[in-house]
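Participant: First to last, the protein sequences are chains A and B. Quick note on my numbering: the first sequence kicks off at 31 and runs consecutively. Quick note on my numbering: the second sequence kicks off at -13 and runs consecutively.
Accuracy of the hints is not assured; some may be wrong.
[As the list claims (entries may be wrong)] Subject to a maximum C-alpha distance of 25 angstroms in a straight line, what follows is the list of computed DSS-like cross-link-like pairs (lysine-lysine):
hint, chain 1, residue 1, chain 2, residue 2
1, B, Lys52, B, Lys41
2, A, Lys97, A, Lys86
3, A, Lys97, A, Lys32
4, B, Lys0, A, Lys72
5, B, Lys6, B, Lys28
6, A, Lys72, B, Lys6
7, A, Lys86, B, Lys0
8, B, Lys6, B, Lys41
9, B, Lys52, B, Lys27
10, A, Lys32, B, Lys27
11, B, Lys0, B, Lys50
12, B, Lys50, B, Lys6
13, B, Lys0, B, Lys41
14, B, Lys52, B, Lys0
15, B, Lys52, B, Lys28
16, A, Lys32, B, Lys0
17, A, Lys72, B, Lys41
18, B, Lys41, B, Lys27
Everything labelled a hint here was simulated from the structure, so no lab data went into it.
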Amino acid sequence: QKEVEQNSGPLSVPEGAIASLNCTYSDRGSQSFFWYRQYSGKSPELIMFIYSNGDKEDGRFTAQLNKASQYVSLLIRDSQPSDSATYLCAVETSGSRLTFGEGTQLTVNP
Amino acid sequence: GAVVSQHPSRVICKSGTSVKIECRSLDFQATTMFWYRQFPKKSLMLMATSNEGSKATYEQGVEKDKFLINHASLTLSTLTVTSAHPEDSSFYICSARVPVGYGYTFGSGTRLTVV
């Protein structure tokens, strides 16, 4: 089992729709969870982090964490073409190191 | 905010030569720097963790003699790919934990092509 797994994608949504990205992790001791956006040829940029169960909202982005189910998700409301990118779920494991999922490629169609 | 400056952004080298990649934390001190490698359409794979003033910790399967890491100061970490071969061609990215709040900041990455 991979340490961090994301829905494989690619995911395609129309402009204005909600994009839903999912991630599961295997280490129950993980405490912090991050969503990064990566444009082609660029390095990742932090979208959101979450460490408490429940929802965390920041503008059009909502991160959801369920530690019992070892599940974290990212919702993007009112998706824009500029949101088209690969989204990486990252989990901070013991030793303060990040483990990344394979990423989900999102395309928002105008 | 916390910025990590990475250079060069792109390098092409001949097989057998060595390439050095630098990462500098511009407005904070990074006691720990993480080095990742990313192949096309793949995720980031942690190669090694460098700590200022001590030896780097390499992930399983990463050759420490091939990927030399030096973290001589609190603001500079370097990765040297020695005797590079075409299979070393990849996107190399450094990262450091932000000093305030949560998260990790990433350098802009180095695209290495070995011909």
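Participant: Hints first: check each against the structure and report whether it holds.
Facilitator: For each hint, the structure was consulted:
1. At roughly 15 angstroms between alpha-carbon atoms, lysine 52 of chain B and lysine 41 of chain B fall within 25 angstroms of each other, so this suggested pair holds.
2. For the proposed pair lysine 97 of chain A and lysine 86 of chain A, the alpha carbon gap of about 14 angstroms is at most 25 angstroms, so the pair holds.
3. Under the criterion of a C-alpha separation no larger than 25 angstroms, the hint pairing lysine 97 of chain A with lysine 32 of chain A is consistent with the structure, at around 17 angstroms.
4. Pair hint lysine 0 of chain B plus lysine 72 of chain A holds up; C-alpha atoms about 24 angstroms apart against a cutoff of 25 angstroms.
5. The straight-line distance between the Cα atoms of lysine 6 of chain B and lysine 28 of chain B is roughly 23 angstroms, inside the 25 angstroms bound, and the hint therefore holds.
6. In summary, the hint linking lysine 72 of chain A to lysine 6 of chain B is supported, as the alpha carbons are separated by about 19 angstroms, within the 25 angstroms threshold.
7. Annotation: proposed proximity of lysine 86 of chain A to lysine 0 of chain B is violated, straight-line Cα distance about 48 angstroms (limit 25 angstroms).
8. Note on lysine 6 of chain B and lysine 41 of chain B: the hinted pairing holds, with a Cα-Cα distance of about 17 angstroms set against a maximum of 25 angstroms.
9. Of the pairs offered as hints, the one joining lysine 52 of chain B and lysine 27 of chain B holds, with about 24 angstroms between alpha carbons and a cut-off of 25 angstroms not exceeded.
10. Among the hinted pairs, lysine 32 of chain A with lysine 27 of chain B is consistent with the structure: their alpha-carbon atoms are about 17 angstroms apart, no more than 25 angstroms.
11. The hinted pair formed by lysine 0 of chain B and lysine 50 of chain B meets the criterion: a straight-line CA distance of about 21 angstroms does not exceed 25 angstroms.
12. Among the hinted pairs, lysine 50 of chain B with lysine 6 of chain B is consistent with the structure: their alpha-carbon atoms are about 14 angstroms apart, no more than 25 angstroms.
13. The hinted pair formed by lysine 0 of chain B and lysine 41 of chain B fails the criterion: a straight-line CA distance of about 28 angstroms is larger than 25 angstroms.
14. Taking the CA atoms of lysine 52 of chain B and lysine 0 of chain B, the gap is near 15 angstroms; set against the 25 angstroms cutoff, the hint holds.
15. For the given pair, lysine 52 of chain B sits about 22 angstroms from lysine 28 of chain B by alpha-carbon distance, which is consistent with the 25 angstroms threshold.
16. Our distance criterion of 25 angstroms between C-alpha atoms is broken by lysine 32 of chain A and lysine 0 of chain B, whose separation comes to about 35 angstroms.
17. Note on lysine 72 of chain A and lysine 41 of chain B: the hinted pairing is violated, with a Cα-Cα distance of about 29 angstroms set against a maximum of 25 angstroms.
18. Of the pairs offered as hints, the one joining lysine 41 of chain B and lysine 27 of chain B is violated, with about 31 angstroms between alpha carbons and a cut-off of 25 angstroms exceeded.
The structure is inconsistent with the numbered hints 7, 13, 16, 17, 18, although it conforms to all the rest.
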